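Engineer: Position chain B relative to chain A; hints supplied.
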Amino acid sequence: MEIKTVEVVEAAGISNPIEYVTPEQMAYATVLDYGMKAGLAILVTSFVLYLMGIVQPLVPVSDLPNYWSMPVSQYLKATGVGTGWSWVSLVKHGDFLNFIGIAFLSAVTVVCYLRILPFQMKNKDVLLGSIVLIEVLVLALGASGVLSAGH
Amino acid sequence: MCGPFPPPELERGETVVARRLIGLAAILVILITWAEPALAEHAPQMASTMPWWAWPLMLFVVSFGLGIVAVLGGVGGGVLFVPIVGGFFPFHLDFVRGAGLLVALAGALAAGPGLLRSGMANLRLAMPLALIASASAIAGAMIGLALPTNLVQLALGTTILGIVGLMLVARKSEYPHVAQADSLSVALRMNGIYHEAYSGRDIDWQVHRTPQGLAMFTVIGLMAGMFGLGAGWANVPVLNLLMGAPLKVSVATSKFMLSIVDTAAAWVYLNQGAVLAMVAVPSIIGIMLGSVIGVRLLKRTNASVVRKVVIGMLLLAGSRALLKGFGI
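Protein chains in written order, with this note's numbering: chain A, 1 to 151; chain B, 1 to 328.
Just chain A, with the same shape it has in the complex (with noise of 0.2 Å):
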């Protein structure tokens, strides 16, 4: 086991000698942080609002014991609710406006690796940014909507 003296530690871009953190992997906390308080946030006002009824679903909430032991394409044809980023036309409804949170939470990863992008590029890590890159395109990928599965 090797101990790092402080000054070696701090030569060595670590933020934290004392939890010997990188500055990006900070950066990528305070991110992710703030991201998922903001998400928690909006998440729990829409849910408020969608289960007092203030703003109403498209299922009235009494009706959803009916539809939630469905199959998923069953309760689609019963709900006539579309797949992909269909759900954005229905956010005027309490049921799909909790969608907006949720959708905001799978998204803060991305602004996560963006965060820490020009970390990569300061230092000249190619190999390090390709992966953030890459990254960044595969989750792009798999919130289009354009990859299509099912029963």
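Hints were generated in silico from the structure; no laboratory data involved.
The model shown is predicted, which means the values in this text are computed figures rather than measured ones.
Just so you know, not all the hints are guaranteed correct.
[Unchecked claim] Cβ-to-Cβ under 10 Å is the rule here; a few derived chain B residues that face chain A:
no., residue
1, Arg124
2, Thr149
3, Ala266
Where is the CB? At the ideal position from N, CA and C, for every residue including glycine.
Structural biologist: Just chain B, lined up with the frame of chain A:
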């Protein structure tokens, strides 16, 4: 409040509280899991007599408990969430899997900042592995939504019990000995140091067998997307037993990685309509709140206790999934 190193009396007190909370949460999960077959038999009758809001409320409570236990075990909660909610609650497994993935994602997002700032989760260790796993998770999600549900349950149960077996026969894994890092991990700088708050030591670590690890994460991502779960149940053994990362680094990095891998698969479920707000949101909120508690406990928890919690949870979850696959 007390600086980074609180006095021994406070540390011992916090460790006692941590153990009691872990025990309480584990007992809750165990009771629900073993009561589940009997309850599932009566679920249709219970579902028709209970008010509609009762199920989402119970879902919130169960998810909160899972959030605490899951972060300590380095799993996303989804591996417990899907079999428990799928058997005990009246929701169809399609929606349970969609919610399970979002639950795992949310738990990882909640725990991620603390784990990264503490240095126990390592970004450079996570990123190459997460890239492979997230790409295959998208493929897995598409396959999983197309396969018959009982087949998915059988494959899930078999895999989890296999992992339990592997962890049980491993001799020691809290601080694996890595004689020399392989060239790929050196090039990717997959190494680091973290301060072990429980023992007060600084742990300098590196990994090996990185190509094998990348291959395993391809399979892990595929199964994570297919089963609608997080991938922590496989991440931790691969990081710890195969690649040689210390157990706490493995648990913390695994939890953090779920925020990347599950994002990819979650989008597929969301875009296919397999997400119901009344199922997903109470679960997400519950597990996020539970995960925040779990992160505070992880720093003060003994590594061997964490290992036992992981093994116990995986054994329960795997057995249940296998039984469901056989229609029991």
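Engineer: Could you run down the list of hints and mark each one as holding or not?
Structural biologist: So, going through the hints one by one against the coordinates:
1. Arg124: It holds, given that the least Cβ distance between Arg124/B and chain A is near 7 Å, below 10 Å.
2. Thr149: Because about 9 Å separates Thr149/B from the closest Cβ in chain A, which is inside the 10 Å limit, the hint holds.
3. Ala266: Holds: closest Cβ of chain A sits about 5 Å from Ala266/B, inside 10 Å.
The earlier numbered hints are all upheld by this structure, with none contradicted.
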